[in-house]
Amino acid sequence: MSHHNIYLMVNGKRYSLEVESDRSLLDVVREDLNLTGIKKGCDKGDCGACTVLLNGKPVNSCMVLAVQADGKEITTIEGVARDGKLDPIQVAFIKHGAVQCGFCTPGMILTAWALLRENREPMREEIQKAISGNLCRCTGYVQIIDAIQSAARVSRVNNE
Amino acid sequence: MAAFDYVKPPSLESLINDYAQAKSEGAILAGGTDLLVKIRSGLVSRRVLFDINDLHEMKGISDEGDSLRIGAATRICDVADSNVVQSTVPFLSLAASQLGSPQIRNRATVGGNIVSASPAADTVLPLIAMGARLRFGSQGGNREVSIEKFMEGPGQTDIREDEVLIGVVVPKLSNGCKSHFIKVGRRKAVAISVVNIAGWIKTDRTGVIEDVRLVLGAVAPTAIRAGETETFLRGKRPNEVVLKEAARITAGQSSPISDIRGTQKGRRLLVEAWTFRLLQILMTQNEAN
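Line by line, the protein sequences give chains Z and E. With my numbering, the residue at position 140 of the first sequence is 148, and numbering never jumps. With my numbering, the residue at position 64 of the second sequence is 65, and numbering never jumps.
Treat the hints as calculated values from the structure; they're not laboratory data. Take these hints with a grain of salt, some might be off.
Claimed, not checked - Only some residues are given here: those of chain Z computed to face chain E with a beta carbon under 10 Å: (1) S10; (2) H12; (3) E28; (4) D54; (5) C55; (6) T59; (7) P66; (8) M71; (9) D78; (10) H104; (11) Q108; (12) G115; (13) N142; (14) L143.
Unchecked claim - Here are the simulated DSSO-like cross-link-like pairs (lysine-lysine), alpha carbons at most 30 Å apart as the crow flies: (15) Z:K52 x E:K39; (16) E:K9 x Z:K80; (17) E:K237 x Z:K65; (18) E:K39 x Z:K48; (19) E:K173 x E:K237; (20) E:K9 x Z:K48; (21) Z:K137 x E:K39.
Quick caveat: nothing in here was measured; it's all calculated off a predicted structure. Heads up, the beta-carbon is just placed ideally off N, CA and C, and yes, glycines get one too.
Full structure from sequences and hints, please.
And the structure:
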């Protein structure tokens, strides 16, 4: 079959769609759902700009077919802020100057979000490893790592 | 029009039947990290993809006593994080944890890393070092073949047109063996190995090497066992001179090419330097590893 009726749970909202079999999750989320936070960088799994969380895990949405995501939960950068309030990671990225051109930022923040959910107190090396699939050509990564460490501290304080 | 159709077979049996019927027009879709990129770039074209991601017969890691059975559709992240792999075939977990990037490891599968047959495939090295066997299913019945025999060249394998890789059987390291894996890339992540090396060693109580395996990747058309090095080391008491000589012999068994990741000469030097390092690590490692 080349057409499929699927549903996606994106940022907690249910979408029913008809998709062609060869369309990537990346293209469907950007073009059909108009959620353009995720970016198309290399379109072959090298850069991580298209990172989304698929059932909570970071994946390159360029390498997942939309039809494969049928019935699954997807989080994009649009789903990170809650009730109009930025997530501590987003606040920390702004505060630390971890955003320059901004192209890698949505993927970077989602990867960081998944890391902090599993590891509340990551070492710098653990952060480096976690974001190793998200390329940034502007910052040199130092500000990004600083931001993630600071967001982890803020989240720990908020939860205590 | 879509470039291909997508089918999700409800069972292993229907997968095998549908795949046989599709002949060369069909492809197995597991993680998609290799296949989808190849299709998009025009390197591969198929009429229909068969998604195996939800076939339970092809997923997961089970302990079968002396060996582990790993389903072909088991994700690389699950191999890297598996307690039983970490405790019984530690260097397989180590290799899996260095493949691609976190995003790729969350999708890519063991079966895909095997059948893609890249000479640099990270998990293939420890699998060869362990003498792993591949289990295939087809309408004609099941077939088992050693992974070493299966690999024939870059992207070339012994797989038959109607066969599906179901899983891999990996013997556990025996007690007292130590294992290690080293990946040398241009950067630490999202890098194809310039050279990779896997090995295990078993010494007797007096420190003499009883048995050893050494497998090299990215320096020959397939990953290769450094058989001459293994023969040289058996029965020897390792010291710096012996390990240096072993590393020199190992470099001689590689037949690397020059490409965008490294030159032929550079790769030989890397094999020698990193084999020495790997053997040193194996000799100084704690028993637990």
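Okay, the hints, checked on the actual structure:
Hint status for Z:S10 relative to chain E: holds, with the closest Cβ pair at about 4 Å, below 10 Å. Hint status for Z:H12 relative to chain E: holds, with the closest Cβ pair at about 7 Å, below 10 Å. Annotation: interface hint on Z:E28 holds; nearest CB of chain E at approximately 4 Å, less than 10 Å. With a least beta-carbon distance of about 6 Å to chain E, the hint placing Z:D54 at the interface is held under the 10 Å criterion.
At its closest, the beta carbon of Z:C55 sits 8 Å from a beta carbon of chain E; the interface hint therefore holds under the 10 Å criterion. Interface restraint check: Z:T59 against chain E, minimum CB-CB distance 6 Å, threshold 10 Å, status holds. The interface hint given for Z:P66 holds, since its Cβ lies 5 Å from the closest Cβ of chain E, which is under the 10 Å cut-off. Interface restraint check: Z:M71 against chain E, minimum CB-CB distance 5 Å, threshold 10 Å, status holds.
A least Cβ separation of about 9 Å between Z:D78 and chain E falls short of the 10 Å threshold, and the interface hint therefore holds. The closest approach between the C-beta of Z:H104 and any C-beta of chain E is roughly 22 Å, which is over the 10 Å cut-off, so the hint fails. Annotation: Z:Q108 was flagged as interfacial toward chain E, and the flag is violated, the nearest CB pair being 20 Å apart, outside 10 Å. Interface restraint check: Z:G115 against chain E, minimum CB-CB distance 9 Å, threshold 10 Å, status holds.
Annotation: Z:N142 was flagged as interfacial toward chain E, and the flag holds, the nearest CB pair being 8 Å apart, inside 10 Å. The beta carbon of Z:L143 comes within 8 Å of a beta carbon in chain E, closer than 10 Å, and the hint placing it at the interface holds. Using a Cα cut-off of 30 Å, the hinted pair Z:K52 and E:K39 holds, with the two alpha carbons roughly 9 Å apart. The hinted pair formed by E:K9 and Z:K80 meets the criterion: a straight-line CA distance of about 15 Å does not exceed 30 Å.
Between E:K237 and Z:K65, the direct Cα distance comes to roughly 47 Å. Violation of the 30 Å bound is thereby established for this hinted pair. A C-alpha spacing of about 17 Å is found between E:K39 and Z:K48, which places the hinted pair at or below 30 Å, so the restraint holds. For the suggested pair E:K173 and E:K237, the alpha carbons sit about 24 Å apart, so the restraint of at most 30 Å is met. Distance hint between E:K9 and Z:K48 is fulfilled; the C-alpha atoms sit about 27 Å from each other, no more than 30 Å.
Restraint check for Z:K137 and E:K39: satisfied, since their Cα atoms lie roughly 27 Å apart, inside the 30 Å limit.
Violated hints, in rising order: 10, 11, 17; the structure is consistent with all others.
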